[in-house]
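Colleague: Please arrange chain L with the ligands on chain Z, whose structure you already have, making use of the hints.
First to last, the protein sequences are chains Z and L.
Numbering of the first sequence is given in our numbering, commencing with residue 6 and proceeding in unit increments.
Numbering of the second sequence is given in our numbering, commencing with residue 11 and proceeding in unit increments.
Please keep in mind that the hints were generated in silico from the structure rather than gathered at the bench.
Beta carbons: idealized from backbone N, C-alpha and C, even for Gly.
One thing to keep in mind: the hints can contain errors.
What the hints assert, rightly or not - Covered by chain Z, according to a simulated footprint, are these stretches of chain L (three or more residues, beta-carbon under 8 Å): (1) 174 to 188; (2) 196 to 202.
Claimed, not checked - Partner residues are not named here, just some residues of chain Z that face chain L (Cβ under 10 Å, in silico): (3) F66; (4) Y87; (5) L104; (6) G113; (7) R117.
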Amino acid sequence: MRNGQNGATVPTVAFRNVTKRFGEVVAANGLELEIRSGEFLSFLGPSGCGKTTALRMIAGFEQPSEGDVLIDGTRVNELPAYRRPVNMVFQSYALFPHLNVARNVAYGLLQRSPRPPRTEIDRRVAAMLDLVQLRGFENRRIWEMSGGQQQRVALARALINEPKVLLLDEPLAALDRKLRRDMQIELQNLQRRVGITFILVTHDQEEALSMSDRVCIMRDGGIVQQGTPADLYDRPVNRYVADFVGKSNFFAGTVLTARGGGAVIELDGGGTVTAGRTGEGLSLLPGDAVSVAVRPEQIVLARREDALPAGGAATISARVQNRIFLGEHIEYLLRSETLGEFLTLAPRRSELTERPFEAGEAVFAAFSTEAALVLGSE
Amino acid sequence: MRWYASAIYVFLYLPIALIVIYSFNAGRYAMDWQGFSVEWYFKAFANPFAMKALRTSLVVALWTAVLATIIGTLAALGLERVRGWLRQAFDVLIYVAIMVPGVVIGIATLIAFVTVFEVVNPVIFAVFGDAVPRLSMGLPTVIGAHVLFNLAVVILIVRSRLAGLDRSLIEASEDLYATPLGTFRQVVLPLLAPAILASFLLAFTFSFEDFIIAFFVAGPDSTLPIYIFSSIRRGITPEVNAIGTVVLVVSLTLLIAAQFLLRERGPAKRRGDTA
Ligand SMILES: Nc1ncnc2c1ncn2[C@@H]1O[C@H](COP(=O)(O)OP(=O)(O)OP(=O)(O)O)[C@@H](O)[C@H]1O
Ligand SMILES: [Mg+2]
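For reference, chain L alone in the conformation it holds in the complex:
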């Protein structure tokens, strides 16, 4: 590897490495190394605010992953049958959703939510009075925004797997007397399962580590990235580093798992004949 290539990697990953290293610092100031210790991890897990943010993030990520995976998979299956200009329109929209920067999605969904609330809330008030709370920003809006941008990811992954699916397997199943529903259950779904699971993990990860979109549409409950952001403003402590490291490890693990699931399962190592 050329030296400048190495330099780029150092530049990219050094900050992350520093965060991980200094999360094990015994001292109380972030960049002042006082020896190895894991006490900040215990402190972080004992911090009620951090734990509440973590729980919020997990709830948001889980709901996002579940909803995005279900809706995205159904959409991918449906789009498989769409042809012509309609199909092209959907394809373009899906890529747009992936390429649009998070800030734009954040602002756009915020405006959308506010606009809808402005219309709906007076109606709710007129019908129910104060008995029913007004709609406002909160976990559901974060989940909604996250589902929106993760949908595109799920659709792309599931659809590429679907496109690679051998048509003759479906015909073989029908030839062997399976009804269309039976074929879907016994052949299509099992073969799509790795892709569906992988997109679930990716959606979970993207939601779990998202700061920008959540920053715009979150209500009073902050997610973990928002909590980290606000505590950094009070100075970087080893505790923040420890939380950051936990987020990093969780995300990387899920990403690697997803990557593993999406690997093409080749004509793997054949055992010698044993019979």
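Chain Z extracted, bound-state conformation:
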């Protein structure tokens, strides 16, 4: 995209082929990414995959070994952190222990030159504390605040500067489950209200999927796939993404015939599956080793074979190994002689069964052609 001459919008943040090495370790490997203004984007991936490194290159704490980091279309590789129009919420919050809550929040404003007048600073600190619902805590010391309160101080301290981009490095990791849920909703609301670009780092897939407009799935310093949460869930490009985003069953097999988007797969355990969809960028030839991915909730169960919907991709006879009660849903771990273990997720009150299946019970499982997605075997 060229500097927006023909009205095309310039991305707020962009990575152009960014690589970062720490000695032997490649923490970022040829990252290509454009983040639009006002977007809520997440970096999602397992520990050590380079999420924090990517964030720190935007903040200015690390310089790329190769490639360019752009903010508003300007290359900022050499710009020190204190001159970049972005702010960060640190995983440990990094609140200043020697300053009270109000002075922590005012810190960024006090660095401006010329320094804004006293009354202006007080007014904005008060407004910020209102926003994060911490009015009345101005004179508290940091260690007198709970984890959730500290987290909101850290947010206020960053947002008061009205940055172009807010960077959040696992800001909720230290909170307990209930508080985390509340803060996720608060963060999302906040982002809509202030309209600032948010970039969130997390290894919690639920968090990434529920909060973001777009998610970058990362592995070994590279971006494996980027897209909306629904995109990633419905159209994962490989097993890694399918496994990372939600749960998935994988059945190994070999391509018999491939045509259009679909294929007929001979399963290693025996039997064939007619799969309706193929992972993006994957071209299939007969004889290719592949995996058929099926989401647990797309598998239906019944006590009698004729109770299953007609025209499925496959029918599997199996035995219930284990049953996990999840409130609205029940998760069954099943075992079939031919295909091994697989998971299904059934609503607690399904039309097909009045009472839940018991462990040890013999059942029939089926999924539709559209539910079967062919992916590479690795």
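Modeller: Leaving out everything else, chain L with the ligands in the frame of chain Z:
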């Protein structure tokens, strides 16, 4: 506590306790208890020689503490950036400076000063004649020697605090637009302040109560410990005990204050929510 452990403590602290107790003796001989009195404290504070020694000691301790703290803190900050063999060499030297006995430091600095004076004094004489006094032992040499051995203490204390400093606080400050100098002034220095103050107090104490090193490099002005030493040779009086007790109280107070400053400030007692 086992009896022998108690015995060790008695053995260690009994002499000190006796000095404190007998400083309140009404009689004029040190070990002959004649009743309680504080008159020897008034006598000590009225003694012009003792007061002059006290003033000398305070001046020496103050200069030592100021210089050692400033130089030591800067050194600790600088060493933070040094890596590899150079860093190891400095580390070893710092520990050596702390472990070497006072007598050795005393003799070594004495020899060093004398050697330098022997070189410099003829030059001064040749250039200025008798208009400028020659260099000789005096307060500056005592202060110099004291700064030298207190430097190691200051560096160790400040550096351990610096090592415990959360890197992300510095990054947070830079992220919030503070320049490196601004970050140093607003974050690093305030967080180091307790350690700097503590090392100031320790340097002051060590200098104030030092006898051995001062004994070697002092000039005509004696410090308080040297004064005590020379008056003991004329017999131990309750007055000496009183002076000793004053030194003890001052030193202990400063040491406790330093200890208090160096305590880790934990996630202290949280007040209940009031808002
Ligand atoms: N300053 C550094 N020096 C050397 N190696 C580093 C440095 N920072 C990161 N690394 C390495 O780079 C890789 C990516 O690290 P990074 O912190 O970005 O991972 P992450 O995805 O944030 O992991 P986590 O979820 O555990 O926080 C890791 O292998 C890490 O050991
Ligand atoms: Mg990280």
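Colleague: Against each hint, give a clear statement of whether it holds in the structure.
Modeller: Going down the list of hints, with the structure as the test:
1. 174 to 188: holds (count 11)
2. 196 to 202: holds (count 4)
3. F66: Result: holds, 6 Å to nearest chain L Cβ.
4. Y87: This interface hint holds because 5 Å falls under the 10 Å limit.
5. L104: Because about 8 Å separates L104/Z from the closest Cβ in chain L, which is inside the 10 Å limit, the hint holds.
6. G113: With a minimum Cβ separation of about 4 Å from chain L (threshold 10 Å), the hint on G113/Z holds.
7. R117: holds, 7 Å
Going through the hint list in order, the structure satisfies each hint without exception.
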